[in-house]
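Protein sequences appear in the order of chains A and B.
Okay, so the first sequence: first residue is 1 according to the working numbering, each after it adds one.
Okay, so the second sequence: first residue is 1 according to the working numbering, each after it adds one.
Check the hints yourself; a few may be wrong.
[Claimed, not checked] The list that follows gives simulated cross-link-like pairs (lysine-lysine, BS3-like), each with its CA atoms no further than 27 Å apart:
id	chain 1	residue 1	chain 2	residue 2
1	A	438	A	159
2	A	97	B	26
3	B	49	A	438
4	A	210	B	26
5	B	135	A	438
6	B	135	A	56
7	B	26	A	438
Everything labelled a hint here was simulated from the structure, so no lab data went into it.
The structure displayed is predicted, hence computed values, not measured ones.
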Amino acid sequence: MPDSSHEPSKNIDLRKTYDAIVIGSGAAGGMAAYVLTSHGLKVLLLEAGRKLPIEKELKSMEWPYDHPRRGDMPPDRRALTPAEYNIRKPPYAAGTKYNHVYSYVQNWDGPDYSKNIVVDEKDHPYTGTNFAWVRARTFGGKTTIWGRLALRLSDYDFKAASRDGYGENWPISYADIEPYYDRVDDYLGISGIKENLPYLPDSRFQRPNKLTSAEMMLRRSLEKRGRLLTPYRAGVTTDGLKHNKYRSKCFGRGACNRRVGGCDIHAVFDSPTGLIYPAWDTGNLTVRTDATVYEITVDKDTGKASGVSFIDSETRKTYHAKAKAVVLGASTLESARLMLLSKSPQHPNGIGNSSGHVGHNFCEHVMGPEITGIVKDRVGAPRTLDDGRPGGFYLPRFRNLTDRSDFIRGYGFEGEAGMTMFPGHADSTPGFGAAFKKRVRDYAGAYINMGGFGEVLARYENHIDLDPEVKDRWGIPVIRFHIAFGDNERKMCDDMTESAKEMFEEAGIEIVSVKREMLTPGWSIHELGTARMGSDRKTSVVNQFQQSHDVKNLFVVDGSTHVSAANQNPTWTIMALCWRSCDYLADRMQKGEM
Amino acid sequence: MERRELFRVTAGAAVAAKLAGAQAHKFFSDDEFKMTDELTEMIIPADDKSGGARAAQVAAYLDFRLSEAFEPQVRDQWREGLKSIDALSTELNGHAFLAATPEQRIALMTRLSEKNDEFFRVLKEATIRAYYTSKIGIHDDLDYKGNVYQRGDYAGELP
Numbered sequence: 001m002p003d004s005s006h007e008p009s010k011n012i013d014l015r016k017t018y019d020a021i022v023i024g025s026g027a028a029g030g031m032a033a034y035v036l037t038s039h040g041l042k043v044l045l046l047e048a049g050r051k052l053p054i055e056k057e058l059k060s061m062e063w064p065y066d067h068p069r070r071g072d073m074p075p076d077r078r079a080l081t082p083a084e085y086n087i088r089k090p091p092y093a094a095g096t097k098y099n100h101v102y103s104y105v106q107n108w109d110g111p112d113y114s115k116n117i118v119v120d121e122k123d124h125p126y127t128g129t130n131f132a133w134v135r136a137r138t139f140g141g142k143t144t145i146w147g148r149l150a151l152r153l154s155d156y157d158f159k160a161a162s163r164d165g166y167g168e169n170w171p172i173s174y175a176d177i178e179p180y181y182d183r184v185d186d187y188l189g190i191s192g193i194k195e196n197l198p199y200l201p202d203s204r205f206q207r208p209n210k211l212t213s214a215e216m217m218l219r220r221s222l223e224k225r226g227r228l229l230t231p232y233r234a235g236v237t238t239d240g241l242k243h244n245k246y247r248s249k250c251f252g253r254g255a256c257n258r259r260v261g262g263c264d265i266h267a268v269f270d271s272p273t274g275l276i277y278p279a280w281d282t283g284n285l286t287v288r289t290d291a292t293v294y295e296i297t298v299d300k301d302t303g304k305a306s307g308v309s310f311i312d313s314e315t316r317k318t319y320h321a322k323a324k325a326v327v328l329g330a331s332t333l334e335s336a337r338l339m340l341l342s343k344s345p346q347h348p349n350g351i352g353n354s355s356g357h358v359g360h361n362f363c364e365h366v367m368g369p370e371i372t373g374i375v376k377d378r379v380g381a382p383r384t385l386d387d388g389r390p391g392g393f394y395l396p397r398f399r400n401l402t403d404r405s406d407f408i409r410g411y412g413f414e415g416e417a418g419m420t421m422f423p424g425h426a427d428s429t430p431g432f433g434a435a436f437k438k439r440v441r442d443y444a445g446a447y448i449n450m451g452g453f454g455e456v457l458a459r460y461e462n463h464i465d466l467d468p469e470v471k472d473r474w475g476i477p478v479i480r481f482h483i484a485f486g487d488n489e490r491k492m493c494d495d496m497t498e499s500a501k502e503m504f505e506e507a508g509i510e511i512v513s514v515k516r517e518m519l520t521p522g523w524s525i526h527e528l529g530t531a532r533m534g535s536d537r538k539t540s541v542v543n544q545f546q547q548s549h550d551v552k553n554l555f556v557v558d559g560s561t562h563v564s565a566a567n568q569n570p571t572w573t574i575m576a577l578c579w580r581s582c583d584y585l586a587d588r589m590q591k592g593e594m
Numbered sequence: 001m002e003r004r005e006l007f008r009v010t011a012g013a014a015v016a017a018k019l020a021g022a023q024a025h026k027f028f029s030d031d032e033f034k035m036t037d038e039l040t041e042m043i044i045p046a047d048d049k050s051g052g053a054r055a056a057q058v059a060a061y062l063d064f065r066l067s068e069a070f071e072p073q074v075r076d077q078w079r080e081g082l083k084s085i086d087a088l089s090t091e092l093n094g095h096a097f098l099a100a101t102p103e104q105r106i107a108l109m110t111r112l113s114e115k116n117d118e119f120f121r122v123l124k125e126a127t128i129r130a131y132y133t134s135k136i137g138i139h140d141d142l143d144y145k146g147n148v149y150q151r152g153d154y155a156g157e158l159p
């Protein structure tokens, strides 16, 4: 349901001092805007990208044959291939003949539907070590196309350092965040079934998505080992939300899972319809798009944040906006970049960076190991509708819970089985002609596939800084990566591959392909940790309320404050933490302590 | 704006093609088109279940995509590839591919398939992509049931 009343204006009031400026309109920025405006604060939300007519971009129900290029992009555009990320060094779009170059996600099905959502690598270069960085500079950020797996962390994660001696504990425990996970569940909607796992707490689930018969078969086989396969815990409202008129319930259409992501009826959570429109409706929110913030400004006397300077992404005119508090939710790496860019006599290493930890302790999820097999009794079986779901299954962590491996921490698998619109197995089906055609038909729906997501340890030396020479299209210094996987990730990936084979074999699945190589850092699009929270201001950037140790009116509310990556997809945790922090911020402001 | 312009050009070309009749291919010569039409139909033929690549107009779709390909090498590869099939046919059978008997054509394609010939792979992948994104491929052949609003109970099981 398109809404015309939520159109940002460039003509905003910059004379007044807002209660808070929120930078970024993704999961974190959207949540900050929602929570702060609900407390009555006057908020200015700045987004570097533009607001797209998103329903017209996504066209979730369009059939391939109704699109002139069957969902492909126009010929002057291309996406980077997986191999390019390793054989070349960034900036990856340097020297290209193409008019537009995008990250690898644009290789997924239907790239024409997301080409305006992800950034053009030509405008947004970066340098340093190999890194597959996916960015969405648009109103709503990456939530407009996210993968939807919405998981909770537990004390196995928050207190992981106590369990295995590596790294730092979080300054919070599950009990602190649990009520906020509950609120996020109820306010945004999540689908799944209760499993009572201490290391992967249940959410307050709406109607679950069903499993296909092959997935059920694997679930039963795993039970013998004490392992679990559960329906994809999707950040999708399957029953609908009475309190939100901008979002429909899910009708199992499946475009979110066939393409990069996105849902034109907004059953999948996205920040604009889920959080920002409700915030806007309070009358307390001002939204400015095309506003690329390049500096958080500082009050000369107090050293506190005074506001932000931004450049209009289209006109390149610069502006300054004033606020009592600045809330940074520009995405993990961009938030660290902006803190490093904001140098002043009071904060010579960048704002909030007296610890020297901004940009450091990067962590994420390693991907690569992946397995595909054939479920024999599905060959030639009657057709079922399997790909209308927002996701297939999740196979939670089973390592280092009670046992000990030759690596620390854990990994989980995402996967699915069943019929899909496009028969991905056709290319590898041998031969041609009538027999080939029949085989493609008979085997469609008989495949099962899963891939691992493993915790990458936070290490101080894995960091980003600002490139001294290279600038982006707007003249802003770009990020330089210094990131590499270590021994623990390699051992973990070996184990992922072997355990995946074991589990498929035990279930009687005929394995047809096994991938074991690690993908380039960044691949999971789960960048975390570059402004971590902690109680020691010498080794962390923000406190448990995501408040800068150095600058009391600066909050960092995105994934950059993760102390460790855990192996769960981070979006739900980012939003729960942000909600908690913004409650705290509003409370302090109302007490006059900002 | 760029996209709109491209679309206008494409739409205009489609109208022009209709007016000019079947002759007006955008990239292929008449013979190349016939050959592509035949080769793709051999890869995915009509059977008692559904129409094949010819019915799904795979050659026309490939003609359009090749006509606008950004890298000239892509077009060269097709032109050279088709030529090489003709050359192989002449070598094996004494005449070009389209003049060969059905048995000779199948023997030639079997040979290319078995030695995993590079252009055969390109041809096969392009045919697969075009056919299984067509109405015939999705609906008639694969009986795909999705991309609909599911209003009742969804398929599948709950643990």
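> Where does the structure disagree with the numbered hints, that is, which hint numbers, in rising order?
Replying inline: Numbers 1, 4 and 7, in rising order.
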